[in-house]
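Protein chains: 2
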Amino acid sequence: MVTLEPINILVTLDANYLKPLKVMLKSMFLNNPDDSFHVFLMHSRLTEEQVNDVDEFVGRSGHSLSVVTIGEDCFNDAPIVKHYTKEMYYRLLAFRYLPTELERILYLDPDILVINSIRSLYTTDLSGWLFAAAHHDIILAREINKLRFPQYEINEYFNTGVLLMNLNLIRERVNEHDIYQFVEKHRNSLILPDQDILNSLYSKNVKKLDELIYNYDVRYFGYNRLLVKHKPSMEEIINKTVILHFCGKRKPWHKNYRGDFHALYKHYEKLALGGSGTY
Amino acid sequence: MVTLEPINILVTLDANYLKPLKVMLKSMFLNNPDDSFHVFLMHSRLTEEQVNDVDEFVGRSGHSLSVVTIGEDCFNDAPIVKHYTKEMYYRLLAFRYLPTELERILYLDPDILVINSIRSLYTTDLSGWLFAAAHHDIILAREINKLRFPQYEINEYFNTGVLLMNLNLIRERVNEHDIYQFVEKHRNSLILPDQDILNSLYSKNVKKLDELIYNYDVRYFGYNRLLVKHKPSMEEIINKTVILHFCGKRKPWHKNYRGDFHALYKHYEKLALGGSGTY
Numbered sequence: 010m011v012t013l014e015p016i017n018i019l020v021t022l023d024a025n026y027l028k029p030l031k032v033m034l035k036s037m038f039l040n041n042p043d044d045s046f047h048v049f050l051m052h053s054r055l056t057e058e059q060v061n062d063v064d065e066f067v068g069r070s071g072h073s074l075s076v077v078t079i080g081e082d083c084f085n086d087a088p089i090v091k092h093y094t095k096e097m098y099y100r101l102l103a104f105r106y107l108p109t110e111l112e113r114i115l116y117l118d119p120d121i122l123v124i125n126s127i128r129s130l131y132t133t134d135l136s137g138w139l140f141a142a143a144h145h146d147i148i149l150a151r152e153i154n155k156l157r158f159p160q161y162e163i164n165e166y167f168n169t170g171v172l173l174m175n176l177n178l179i180r181e182r183v184n185e186h187d188i189y190q191f192v193e194k195h196r197n198s199l200i201l202p203d204q205d206i207l208n209s210l211y212s213k214n215v216k217k218l219d220e221l222i223y224n225y226d227v228r229y230f231g232y233n234r235l236l237v238k239h240k241p242s243m244e245e246i247i248n249k250t251v252i253l254h255f256c257g258k259r260k261p262w263h264k265n266y267r268g269d270f271h272a273l274y275k276h277y278e279k280l281a282l283g284g285s286g287t288y
Numbered sequence: 010m011v012t013l014e015p016i017n018i019l020v021t022l023d024a025n026y027l028k029p030l031k032v033m034l035k036s037m038f039l040n041n042p043d044d045s046f047h048v049f050l051m052h053s054r055l056t057e058e059q060v061n062d063v064d065e066f067v068g069r070s071g072h073s074l075s076v077v078t079i080g081e082d083c084f085n086d087a088p089i090v091k092h093y094t095k096e097m098y099y100r101l102l103a104f105r106y107l108p109t110e111l112e113r114i115l116y117l118d119p120d121i122l123v124i125n126s127i128r129s130l131y132t133t134d135l136s137g138w139l140f141a142a143a144h145h146d147i148i149l150a151r152e153i154n155k156l157r158f159p160q161y162e163i164n165e166y167f168n169t170g171v172l173l174m175n176l177n178l179i180r181e182r183v184n185e186h187d188i189y190q191f192v193e194k195h196r197n198s199l200i201l202p203d204q205d206i207l208n209s210l211y212s213k214n215v216k217k218l219d220e221l222i223y224n225y226d227v228r229y230f231g232y233n234r235l236l237v238k239h240k241p242s243m244e245e246i247i248n249k250t251v252i253l254h255f256c257g258k259r260k261p262w263h264k265n266y267r268g269d270f271h272a273l274y275k276h277y278e279k280l281a282l283g284g285s286g287t288y
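Which chain is which? The protein sequence lines are A and B, in order.
Per this note's numbering: the first sequence = residues 10 to 288.
Per this note's numbering: the second sequence = residues 10 to 288.
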């Protein structure tokens with residue numbers, strides 16, 4: 010038997026997303042039975058009990074967890090803008106707190122389901138690229154971003170919810186002070202800070218992934234064909250799409266959520282968290 | 010380890026429903042990992058190859074299949090009405106072709122997903138009852154059935170897609186000639202023959218099951234509260250409902266189907282049939 014190289018996964022979160030995190034991880038583990046995962050959990054505010062709970066969850070599935078605790082003293086020079094906390098920097102500056110021998114890692118948002126094999130994504134050739142990501146091709150969004158950051162040539166606005174990182178090259182080329190400077194300068198126009206930074210400073214160094222396969226925004230399934238270029242069938246999505254992303258404010262774990270992938274989400278939630286058994 | 014009594018399942022079908030049958034069975038096997046199933050496949054028109062295919066499918070999952078072939082000479086006295094074939098009698102007269110030592114069996118339609126443990130349904134106390142079934146409580150349907158069969162007191166119109174049978178009592182009390190006589194008499198008003206027969210002749214001998222748990226019509230999820238008495242949440246359905254029933258003409262394996270449980274159906278379809286892998 011050939012043992013495959015473990016897949017490194019990065020998640021950064023606060024306590025509100027613990028349950029969705031488990032659902033995401035469970036879906037990934039179940040649909041990648043031949044792979045072993047090393048999950049790096051980056052956080053600053055989880056309790057010991059919460060961290061142990063995630064550790065046990067990952068361990069029970071036969072995978073391993075490393076906890077990266079971000080202390081008070083980290084990101085000391087970073088500007089704080091609006092209502093954002095320092096967590097806005099975790100994703101892009103994760104490399105500073107990850108083991109130096111790590112060559113690549115896949116960052117995943119917790120509002121995700123992994124429904125097919127993730128290996129083709131993880132092994133994407135990153136020669137010369139800092140990151141790989143997909144952009145959600147909504148015409149309207151593109152035009153708005155041109156207005157927000159006119160001095161940067163943003164042809165494609167990448168979504169950073171699924172972000173494959175070439176850590177060796179990032180260590181060479183990504184400079185935290187460039188990032189801090191950008192934030193200072195645009196403190197009033199930031200909406201999704203880490204996503205805005207990535208797109209403004211590094212979008213030319215981001216390898217483009219197929220959004221239908223690696224970062225499918227589930228809201229698009231119901232969209233009119235006039236707004237979305239490609240409209241896959243449910244058959245195609247279930248069989249070929251690797252990552253379903255529950256973008257937007259309405260989440261499938263909220264009461265009164267409704268969407269085409271709600272039942273599937275609740276199915277994985279049951280597998281991850283166990284059913285309540287009463288109602 | 011206590012070995013549980015195997016669960017007997019009856020399915021009756023033609024070749025068009027072979028794929029949905031596998032999806033239904035797969036969902037049942039996956040969500041009942043501690044149970045063993047004995048599936049009775051009743052048919053008249055499947056080829057040897059098709060039967061072998063189902064046999065292999067069931068065997069690979071660790072369960073067993075018995076094939077009951079209904080020959081030309083069966084149901085010789087039965088009236089044939091409109092466009093219906095003799096298959097309309099399979100469900101209600103199955104007992105004549107099943108092993109005499111069998112005490113109970115659960116009939117399941119192929120347009121079903123079994124998403125939780127089926128044992129509580131299978132072990133329902135049937136003392137004094139011929140059948141157990143759920144009725145779909147749509148006010149309109151009830152009124153229409155009163156008009157169709159005014160001479161029978163049909164207070165509740167049971168859906169026969171999920172039908173638990175007390176075979177000992179059925180052998181004593183169900184008479185094929187009563188059934189044939191009913192069909193002759195109502196040949197022009199039959200819409201769903203086996204369901205109409207059961208409701209007209211035996212509804213007082215049918216134990217009522219909770220439709221939300223044992224026969225949930227997925228179309229209701231989108232219905233207005235004015236039309237349905239109970240409107241469970243997705244959370245409740247995924248965690249508590251045992252059987253999802255894709256009633257009606259539009260089926261989740263059709264192109265252009267859309268519904269709240271489409272993604273979940275396709276998920277089980279992938280597990281049962283394997284993904285196509287290309288699109």
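Treat the hints as calculated values from the structure; they're not laboratory data.
Everything numeric in this text was worked out from a predicted model, so none of it was measured.
You may find that some hints are simply not true.
Note: identical chains are not told apart, hence a pair may lie in one copy or across any two.
In silico EDC-like pairs for lysine to aspartate or glutamate, Cα to Cα no more than 20 angstroms straight-line [stated by the list, open to error]:
hint: 1; residue 1: Lys28; residue 2: Glu244
hint: 2; residue 1: Lys279; residue 2: Asp269
hint: 3; residue 1: Lys240; residue 2: Asp269
hint: 4; residue 1: Lys249; residue 2: Asp43
hint: 5; residue 1: Lys264; residue 2: Glu245
hint: 6; residue 1: Lys28; residue 2: Glu245
hint: 7; residue 1: Lys260; residue 2: Glu65
hint: 8; residue 1: Lys264; residue 2: Glu244
Structure-based check of each hint:
{"no.": "1", "hint": "Lys28 with Glu244", "result": "between (28 angstroms within a copy, 14 angstroms between copies)"}
{"no.": "2", "hint": "Lys279 with Asp269", "result": "both (17 angstroms within a copy, 17 angstroms between copies)"}
{"no.": "3", "hint": "Lys240 with Asp269", "result": "both (14 angstroms within a copy, 18 angstroms between copies)"}
{"no.": "4", "hint": "Lys249 with Asp43", "result": "within (18 angstroms within a copy, 31 angstroms between copies)"}
{"no.": "5", "hint": "Lys264 with Glu245", "result": "between (28 angstroms within a copy, 11 angstroms between copies)"}
{"no.": "6", "hint": "Lys28 with Glu245", "result": "between (28 angstroms within a copy, 17 angstroms between copies)"}
{"no.": "7", "hint": "Lys260 with Glu65", "result": "neither (25 angstroms within a copy, 41 angstroms between copies)"}
{"no.": "8", "hint": "Lys264 with Glu244", "result": "between (27 angstroms within a copy, 9 angstroms between copies)"}
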